[in-house]
Structures are given as C-alpha cells and as structure tokens.
Amino acid sequence: MIEVNRQGDVWVFAEQEDGALHDVSLELVGKARELADRLGVQVSAVLPGWRVRELAYRLHHHGADKVFLVEDRKLEHFLTQPYARVMTTLVTEHKPQIVLFGATALGRDLAPRVASAMRAGLTADCTDLDIADVDDKAAKTVHKNLLLQIRPAFGGNIIATIINPERWPQMATVREGVMALRDPDVQRKGEIIETKIAFEEADFAVRLIERHREERKVNLKGARTIVAGGGGVGSKANFKVVHELAGAIGGAVGASRAAVDGGFIDKAHQVGQTGTTVRPALYVACGISGAVQHRAGMEESAKIIAINWDGEAPIFGVAHYGIVGDLNQVIPLMVKALKERPKE
Amino acid sequence: MGYHCVVCVKQVPDTANVTGEAMREDGTVNRAALPTIFNPEDLHALETALDLRDRFGGTVTVLTMGPPKASDVLRDCIFRGADRAILLTDRRAAASDTLATSYILSQAVRKLKDVDFVFCGRQAIDGDTAQVGPQLAEKLGYPQVTYLEELLGLSDKTARIRRNVGNGWEIVEVDLPVLVTVLDTANEPRPAAARRVMKHKKARTRIELEAAAKNALPDASADEREAEIERQAETLRSRGLMLEQWNLDDIDADLEWCGLSGSPTKVHRVQSIVLTKEGYTEIPPTEEGLRQLIRELVVDHTLG
Numbered sequence: 045m046i047e048v049n050r051q052g053d054v055w056v057f058a059e060q061e062d063g064a065l066h067d068v069s070l071e072l073v074g075k076a077r078e079l080a081d082r083l084g085v086q087v088s089a090v091l092p093g094w095r096v097r098e099l100a101y102r103l104h105h106h107g108a109d110k111v112f113l114v115e116d117r118k119l120e121h122f123l124t125q126p127y128a129r130v131m132t133t134l135v136t137e138h139k140p141q142i143v144l145f146g147a148t149a150l151g152r153d154l155a156p157r158v159a160s161a162m163r164a165g166l167t168a169d170c171t172d173l174d175i176a177d178v179d180d181k182a183a184k185t186v187h188k189n190l191l192l193q194i195r196p197a198f199g200g201n202i203i204a205t206i207i208n209p210e211r212w213p214q215m216a217t218v219r220e221g222v223m224a225l226r227d228p229d230v231q232r233k234g235e236i237i238e239t240k241i242a243f244e245e246a247d248f249a250v251r252l253i254e255r256h257r258e259e260r261k262v263n264l265k266g267a268r269t270i271v272a273g274g275g276g277v278g279s280k281a282n283f284k285v286v287h288e289l290a291g292a293i294g295g296a297v298g299a300s301r302a303a304v305d306g307g308f309i310d311k312a313h314q315v316g317q318t319g320t321t322v323r324p325a326l327y328v329a330c331g332i333s334g335a336v337q338h339r340a341g342m343e344e345s346a347k348i349i350a351i352n353w354d355g356e357a358p359i360f361g362v363a364h365y366g367i368v369g370d371l372n373q374v375i376p377l378m379v380k381a382l383k384e385r386p387k388e
Numbered sequence: 004m005g006y007h008c009v010v011c012v013k014q015v016p017d018t019a020n021v022t023g024e025a026m027r028e029d030g031t032v033n034r035a036a037l038p039t040i041f042n043p044e045d046l047h048a049l050e051t052a053l054d055l056r057d058r059f060g061g062t063v064t065v066l067t068m069g070p071p072k073a074s075d076v077l078r079d080c081i082f083r084g085a086d087r088a089i090l091l092t093d094r095r096a097a098a099s100d101t102l103a104t105s106y107i108l109s110q111a112v113r114k115l116k117d118v119d120f121v122f123c124g125r126q127a128i129d130g131d132t133a134q135v136g137p138q139l140a141e142k143l144g145y146p147q148v149t150y151l152e153e154l155l156g157l158s159d160k161t162a163r164i165r166r167n168v169g170n171g172w173e174i175v176e177v178d179l180p181v182l183v184t185v186l187d188t189a190n191e192p193r194p195a196a197a198r199r200v201m202k203h204k205k206a207r208t209r210i211e212l213e214a215a216a217k218n219a220l221p222d223a224s225a226d227e228r229e230a231e232i233e234r235q236a237e238t239l240r241s242r243g244l245m246l247e248q249w250n251l252d253d254i255d256a257d258l259e260w261c262g263l264s265g266s267p268t269k270v271h272r273v274q275s276i277v278l279t280k281e282g283y284t285e286i287p288p289t290e291e292g293l294r295q296l297i298r299e300l301v302v303d304h305t306l307g
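So the sequence lines, in the order shown, correspond to chains A and B.
Read in this note's numbering, the first sequence has 139 at position 95, and its numbers run on one by one without any break.
Read in this note's numbering, the second sequence has 194 at position 191, and its numbers run on one by one without any break.
In isolation and in its complexed conformation, chain A is listed as follows (with noise of 0.2 Å):
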C-alpha cells in the first residue's frame, strides 16, 4: 500500500511481445494522458523486456511523458512474478497514483498479483475510466480527483462504477479496444529512464519450457466493417448468407454468442463482453437479438445496421438504421444493391 500521492503520475503498463508492442498500451497511454492533464500530473509508462528500446519512442508517441525502461535478458518473456517484481517495485518508489493494465490474458495474471502484494484496489476490465471528487457523505469527505472505474458487472447486466478512495493506487485493467487508438505524433519527445530491478531466486519459480503463438485468423479488431450473424440466422449451412454480406462489403464475420454456441461459426469470431469488442465504421447485425453482453461488445461501432424480425429485439435500440424483416430476403437485397452501388 503507498500513502494517497496527489502528485502522483499516471502510469501505463507497456505490454509488449516479441518487439511489438500490444495495441492496448497504446490505447491506454492515450488515455492516460487525457486522466493526467485533468489532473496536473504527467504519464509514465512502465516497459520490461530485453532489446526493446525502441518502443520505448512510440509510447512517447502515442502520450507518455516517461518510460521506465527494465531491459534484462530474464524480461524477455512475460514470467508473472519477475514482472510483478518490476512493477511493485517501480510502484513503491515513485508513487504513482494511478496503475493501467490492458485486459489481455497476461495484464490479467499480472495486475492483481500486484495489487494483491501492493494491498492496493483493482478493478477489472473497465471499458471506461473518469475523473472525478466524490462526496463521502458517511465519512463527511469530499475525495478530490478520484479515478472512476467504470465496468459491466454481473453478466453484464449492471454497469458499476468503482473507486479506491482510501488505499493507492487506483489500479484498473481495461479492455482492449475500448479507448480509442488515437494517431502519433512522431515529432514528440519523451524521457526514457532506464531501470534495473534486483530479482530474487524465488521470482522464477515458473519457467517457460515452449511457446507457440498463433496468427490470428479473424482480425475483427482491425477491420473497418463487421457484418456479423447471430441465432436467428438459423443454422450452420445458412451462415454462407453473412458471408456473402461480409464478402459484397469486404468487411471481417463476426457472430454472437448465440451463434457461437449453436455451432454455425468458430468461437475466434465472436463480438461481445466474453468475445472481441469492437469500433468498426459499419457493424451489420443480422440476426442477432442483442443481448447486452453482445451489445457491449459493438455499440461503439460508428454506424450499425440491425437485420431482425422482431421490431422489438433490443439491437434495435444501439441501432443507427433497423431492417424489420426476414433476413434472407433483406440480405440477397442488400447484396445486389451493394454490388450495383454507385462509385464515390
């Protein structure tokens, strides 16, 4: 636990795997610098690895004002104590009043061993984060600036906001995709401190016998439209009409969990609170009655055509243009008049 540090920085963990890195850091040092101009204070960013200064430039970049840099041949893959180790104790010694993970699978094996040994409150998978005094009206305190951790909590059901008043520092995970990427500035200079960090024997308890990575097959993250199919599609067989959408667009399939689990689609392909969120500019909803796991997963989408049946399903409510109708007579429709479209 670290005493409430006013001054403190709000800090990015700079998630990086083999030289690259992790589009969340990004994302997150972007928003870090928009939490640390309301509140007065700069952005540091916090990078372990072996040879991967060179990163260090694009989170100055993308907003940092700071990087720790911790380049030791023992950081060059992700291990969870010698980086939890970085990071309590870069933590303890500069008193950062705010600490950001990306929600991946490793900020979220990393995250609450720190907070854990740093006795601080972590709150996971925000998909957003404000700043703001709250009014303890028990304690008869106003708590200044305090970070607000806003998430979908109970299965999505309720969005709650949480705060760490009393112990510090705030630390949150946030999903990725959620805050917006935002462009470069390639003419921004930053600090880079380099850092060395005393390990102990007991740090390596784990060691990494192999490892394998995958291309990802589906990018639903980078891609500009998203014509995804949900139940009411139907069936596996019937799927083909989402992607002959997706194909006429040229957009990425996308799917619901519905169709997930009936099987029509792999599960690589799903959008929503358990699959991929995502921001395309166009999001076509073909069947898919948009249960709020699902919606939290699109909404941000800039423009979202809904295809369902039901007038009443509730994709209709984030819905920017709604198709009440059989969706395999709207789609073969949409087909034609996308393939007969006038050129800009």
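The hints are simulated quantities; they were obtained by calculation from the structure and are not laboratory data.
Positions of the beta carbon are idealized from the N, C-alpha and C atoms, including for glycine.
Be a bit skeptical, because a hint or two may be false.
Unchecked claim - Output of the computed footprint for chain B on chain A, the stretches with three or more beta carbons under 8 Å from beta carbons of chain B: (1) 89 to 100; (2) 141 to 150; (3) 340 to 350; (4) 372 to 386.
Model the placement of chain B on the given structure of chain A, informed by the hints.
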C-alpha cells in the same frame, strides 16, 4: 503420500437469469433473490484436482467461502469425489472485494498445511474479474500458473503445465506448491457418482443444522435448540457426514483485512442497463429501401 490439492470453489448467482429485483439500491446484489449454481469454471478446477489425485495419489480438499447456502456446492464436490470439504462462513466476511477474499482464503489454506496445489477456476461468472486466483497466490507467496489447459506431468515437486494464453499456448515448469487457475476447456467434469450421492446426501454443515432447528423448533428455548443441534451433529459425525465449517477466528484472520474494511474497492454507483431508444432510421425491407440505404452509406463515406 501423494499430493494435497486444495480447490477453491464458489457458489454464484446464475447471472444469465438476472432480474431487476435482484439489485439492492446501494448497488449490491441481493443474492438471495437469485437461483444459484456451481461456478462453471470451478467444476473444471475440481476435475483437474480429482484427476491429479487419481493418477498420482493424494487428497482433494474443497474450500468455499460464502453464506450457509454455499454448503450445496460442497456436497456437490463430495458427490463428485472430493475427500474433504470446508465451508468458510462468517458475517464479518460479507462485502469482501477480491483482495479481502484472497486474504481470507489464504488464511484458510495456511491452516490446511502441507498443500501442494491450490486450484481455482479462472474466474467466477458473477464478477468475471479473474483476480482472486492470482491474488491468493501472492498472499500465499506461491508461484501462479493461470489458464491451465492440461497438466502434462508431475515429478516429485515439479509440475509441467500447458496454459492457453489466448493467442497461443505455453508449456511451463513450476516448483510446488503452486496456485493454478483452470479454463473450462481443460477437461470434462465428472458427474456426481450415484454411490457417493447415496452415501453423502445427508451431509450437513453446522450452520445448516442451526437453520433447520430454528424451523423445526420455533418455540423451543435456545438451550433446547442447541441440544437438538448437538444431538444431530453427533449422529452425522459418527457417520462421517458432518461437513467442516470455519469462521474468521478459526483461521486467525486479521479482521482489518476482511469484509468492508479490508476491501479497497468501493462500489460508487450502479446503473441497470437501460436501452436508450433514441430511435433509428427504419429501412423498408425492399429493393428500393436497401438501394437507398447503401447510397446513403456511400455518400457519408461509410462504404467505399
């Protein structure tokens, strides 16, 4: 000899079927108003432990922290093959966040002694945080291996585990004792064994006997009730059907680190999801309607 495996399980509200009435105004969940289930991934953690015991020998102890009703999941664990089950229940543990919960669980694991493995499901469906496992590991000073998909091997005090990291997998070797979180893709949980159900269906925790006595003897004095509870407990004990029950004193917990005071995170506000029916442009499902829609999307550069 063999290995001593502790499995932490949780009874959770079935979040797939939540109604508005289940939420209290202060934003906490009225769990009593919801149907409860065995947290799905915890069943896979239990299976991993049972399978380890069956292959390498040892014992499986199940630990759950929760209200009296959580005794249900303990019986389920016994039916499926667990050797020992402990209910950790105490009103002073209410409102614990993940940090306080992991502290309390760590005190219970310490009391168990000579533990080789602690297994947890990756996450519980009521909070989806996946934090308690790693936090419990830190509190115990154990290494952690998250996202187990397969226990590949075990020799003396070293385990070899394949973990799924989302974009691939890793094989790691770890020194025991270790905390492991388990994915639902790891295995197929064995069902309850009919023979064990027959044998253990009357197993009870003390707090369940107390509740039953209150119902059965509404007019009895406290002493009479106590005598009846003790009589039943003795009968169950003699048949090996008394489930263990611990409170915070039993595990030497520092109360400052439990419940509300031990929880740095506070719920500031809760909003139910309400659809913002701002309205959308309705497109008729006709050839002309769709042509018009596509034209509009081309004009505003949504489509190229």
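Hints broken by the structure, by number, lowest first?
-> 1
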